[in-house]
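Asker: Can you make the complete structure from the sequences, with help from the hints?
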Amino acid sequence: MSQEFEFEKPIIELEKRLSDLRSLSEEGNIDLSREISAIAEKIEAMKSDIFHSLEPWQVAQVARHLDRPSTLDYVKLLCGDSFVELKGDRLFADDPAMICGFGRFGSIATAIIGHQKGHDTEENIYRNFGMPHPEGYRKSRRVMHLAEKFRKPIIVFIDTPGAFPGIGAEERGQSEAIARSIMEMSRMRVPILCFIIGEGGSGGALAVGIGDRVYMLEHAIYSVISAEGCAAILWKDGAKARDAAAALKFRSTDLLEAGIIDAILPEPLGGAHRNAEFVANAIGDIIQKELPSLMALPADLLLKKRYEKFRAMGKFKLEQDSEHA
Amino acid sequence: MSQEFEFEKPIIELEKRLSDLRSLSEEGNIDLSREISAIAEKIEAMKSDIFHSLEPWQVAQVARHLDRPSTLDYVKLLCGDSFVELKGDRLFADDPAMICGFGRFGSIATAIIGHQKGHDTEENIYRNFGMPHPEGYRKSRRVMHLAEKFRKPIIVFIDTPGAFPGIGAEERGQSEAIARSIMEMSRMRVPILCFIIGEGGSGGALAVGIGDRVYMLEHAIYSVISAEGCAAILWKDGAKARDAAAALKFRSTDLLEAGIIDAILPEPLGGAHRNAEFVANAIGDIIQKELPSLMALPADLLLKKRYEKFRAMGKFKLEQDSEHA
Amino acid sequence: MSWFSRLTGSKKPDIPSDLWKKCPNCGEVLINKDLPRNLFLCSKCDHHLRMPIWDRIALLTDDNSFVEFDSDMESQDPLNFIDSAAYPDRIKKAVESTDSFEAVTVGEARLEGREIMLGVMNFDFMGGSMGSVVGEKLTRLMERAIERRMPTVIVSASGGARMQEGIYSLMQMAKTSQAVALLNEAGLPYVSLLTDPTTGGVSASFAMLGDVHIAEPEALIGFAGPRVIEQTIRQKLPEGFQRSDFLLSHGHIDMVIHRRQLKPTLSKLFSLLL
Amino acid sequence: MSWFSRLTGSKKPDIPSDLWKKCPNCGEVLINKDLPRNLFLCSKCDHHLRMPIWDRIALLTDDNSFVEFDSDMESQDPLNFIDSAAYPDRIKKAVESTDSFEAVTVGEARLEGREIMLGVMNFDFMGGSMGSVVGEKLTRLMERAIERRMPTVIVSASGGARMQEGIYSLMQMAKTSQAVALLNEAGLPYVSLLTDPTTGGVSASFAMLGDVHIAEPEALIGFAGPRVIEQTIRQKLPEGFQRSDFLLSHGHIDMVIHRRQLKPTLSKLFSLLL
Ligand SMILES: [Zn+2]
Ligand SMILES: [Zn+2]
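Chains as they are written, first to last, in the numbering used here: chain A, 1 to 325; chain B, 326 to 650; chain C, 651 to 924; chain D, 925 to 1198.
Just so you know, these hints were derived from the structure itself, not from any lab. Among the hints, erroneous ones may be present.
[To be verified] Here are the computed lysine-lysine pairs in the DSSO-like style, where the Cα-Cα straight-line distance is at most 30 Å: (1) D:Lys-1160 with B:Lys-561; (2) C:Lys-918 with A:Lys-236; (3) B:Lys-561 with D:Lys-957; (4) C:Lys-742 with A:Lys-240; (5) A:Lys-149 with B:Lys-474.
[To be verified] To be clear about the criterion: a stretch of chain D counts as covered by chain A if any three or more of its residues have a C-beta under 8 Å from a C-beta of chain A, and this derived list gives those stretches: (6) 983-990; (7) 1042-1055; (8) 1106-1114.
C-beta: ideal position from N, C-alpha, C; glycine also.
Answerer: Following this line, the structure appears as structure tokens:
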């Protein structure tokens, strides 16, 4: 593992002991199977304890884990060789922080859109840590229109710290790129399934997040601002990120309760990176299960339902009645 | 006049003599009215001779005259204060070589698109000599879509040496910008009238030239390549521009005969810059006369006719029959 | 992305007394009671100071023609959010100091005789941040515009999303942007008037989706706040960065218009587009 | 804009003998008779040499599946155009040296079993310049694709417009581009395959309007020819300017694909889009 969490240290220590025992058993030809299985059990129990009681700040760490499966990892696992990547916004540049293309999930061909992070520093520099420039959102918009033209559903993988804040991004209209992506996505006449697989960072995530269904991995997060950013602003102390993380309620369970997402996809103990196939299978199952009924809907009805879904989000009250949702 | 043509010199000399005589007559309080009217008549006769027998290369000079009325000159004369300029492609930049907006021609509000040249060097540098970058064509495309949204006709003024050939223009997809402009213009569900008022330079002119009606000022030109460019390539001698000009058949009379334009708007003797109001009135009359019937057509029929108009352009033959037009 | 970063990132005028404030551009001392008459323009340098919403409404509409909608809509505290203060207390304070229930005021009005739908954001109310109420009021405004086939004008002034409402706040970007799509399909004009400052989730949703974008001079308009950008790229930002003229030359707005010309410009525009 | 400037602006290989030519990239001596078998790839550096149209058709289609349309369509000389030679004589020479009547060959074929409409431009025919015949044949091809609901592939190789046909040549940009609009409305896939060189009026019309843009490695693709740009801006052009990878990084093409991978890539694409 390339990255260790503080809260995982007890597990990792035990895993190291387990591995030592195994070597010893093999090299010395000693039967340590009892000890080995005892430790293995202990590890599983500890994992279960730890990962079933992660606090929000720890979930954010898991969501950002360098080894966490990325869009391309899932695309490879689910679409295999059928994926064809399409590049470029036809205007200014290709943005490697956003992956677009077409691929096949089982028998269903779809457009695929997703933020792309790297698994190491070099890759992350190339992918700009998954933070798109305007051209990323303009590329995905173009490919979504292709999907609409060819009446193919759209599968979106969301995994970004946010849209990139930089001089070029502002010059080329980061705001407009995000806003138009949201607006046009809300009117795409084909079904859209979104999967928040890691970090759902603010407007840069929402820009491709207008789905007929929005799913979230168990340890993914989806937030209006990063815990660090929120802490710096409201607590005036970046070190209070842990408090901010708790306050922002950005975990999958919070969002399911809030009616923002449609379902949570469970992760293997220890996080998606411990077993990417397990998660990919869950995603594939959802796609196979949900797409056919959405594809059967008349486009006008699909759009009406999509509009109503996002129309209903928000909490306010009116003097005359007590409360609205 | 800021610019004199070789072929205009005899006229200009006579005009100078006329002006001298008038001064003399006023200052000396002498009656020179007979001499004055004789010269005035001679000037008119000479203008008529010269301007009714301009050769193509000379027409190109008139079409490019620095004082020749530009898009904004006609917009001011025809729309007065009603014109509202809209800027920006919402992507990368505003392009001052392309003017866009909405204005009122008499009682009819329309979108207005036009290449914009300057009348002096400073203005020309600002306007890039009327040569748009991709952002110019993306701005006009945006404003045409606004016209479509609001069901307003589109008036286009064409006056460009061509789309700009430069590094930035290539980086940002000059080809795509022109191609998409042509394609989307061909499907705008509102009437489009194009007026070639000066230089109709190649793809950079055609990019906004897909009109239901295309009109051309008498001394305007519309060509696949500049005479200079053609001479340099085919004659391998830029000085043969005069020969190339004749060969390219880019005058209004040639294009009317070829069925490329719908009508020629006569210019005052000496060219449009001698009396911009005269030309503006002719343009205004056409707009008032042609738009109402086009606006009455169902959009599908309008598009069908527009398609057929450009579909029919070209000359080829098939073995089996003798000739196609 | 957040309203607060903008608050701290913006030029702060010297502490104003009750009677006067200094022009943030030229330092001229401006008497508070003269400001409304001067449309909150600096009498010396013409700098466009932030304009209170009722003065803004008076500027853009015919006398007494404004009828407010949803004035009683109030925020909830769906996250039970507490930082140094509890969210309900912050709202209470904002309500008291601004005399508004929320960061946007919406209604119908006449503009040189023409009926329009008008929304005006209030930067003084928690930095004009967009929570559920702002999103809901603007969405209702646009839906009413469609029902009644009227043009819409929205005056933005916002630091972005309202963090205290968490994900609900983010979703207001979706709600308002998709409402603009319906305006487009209905063929109705929507003019976005961008005032100082318009950033974050507001600029990245309805504010950048107008048929026509008009900015006041020198307004700060952008996605990320200048401070966030400086921290990210670790370099000084160029002069004029994210100000109105910068956006104009980069193609994101149609025109920069002096406050005195706003009403006639809007009127002229609607007479052409309707 | 014009096909000829490209001819003179491009890398010229040394004068080829009948038996061999030098790779324009690495200088390797390549035996002419081996080239078809090698798909006109340099055996040393894999450089993609220009490919004759019948080899190209064979590369992209199933054996003997190509049926040509409009093969008898010929140019006229509507302008009676004469420069150093008369236009009809230039055409005659081109017909003789290329064994084609014009700069594009169009027809239907199968690609891994799937029926497609295919157009292939011929740079050897007057620089692949687009006159009335090229425009008409491609337009008919797309109209047939709509009638028969089949995907379209067009392989571009052109210096641009055919000057000798004057304004008629320019109008082929309109004719072909509006035909692409009909393909879009019919929901039919159109893949533009850009080969060396594609510039001028061809790149500024149908070639840049594909649903998917595929380029061969190192192809020159642009609006203006490099020489025209250099003369206009009076500076040297950067290395790789207007070559495939430049277009890829600037967002104008979807992929740069080795010649050997073209057919499977097209097949895969159509299986996803149809
Ligand atoms: Zn001042
Ligand atoms: Zn080689």
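Asker: Each hint should be assessed against the structure and marked as holding or not.
Answerer: Results of checking the hints against the structure:
1. D:Lys-1160 with B:Lys-561: holds (22 Å)
2. C:Lys-918 with A:Lys-236: Not OK: Lys-918 of chain C and Lys-236 of chain A at ~47 Å, beyond 30 Å, violated.
3. B:Lys-561 with D:Lys-957: Since the Cα atoms of Lys-561 of chain B and Lys-957 of chain D sit roughly 35 Å apart, the hinted pair is violated (cutoff 30 Å).
4. C:Lys-742 with A:Lys-240: holds (25 Å)
5. A:Lys-149 with B:Lys-474: holds (21 Å)
6. 983-990: violated (count 0)
7. 1042-1055: Per the Cβ count (0), the hint is violated.
8. 1106-1114: holds (count 3)
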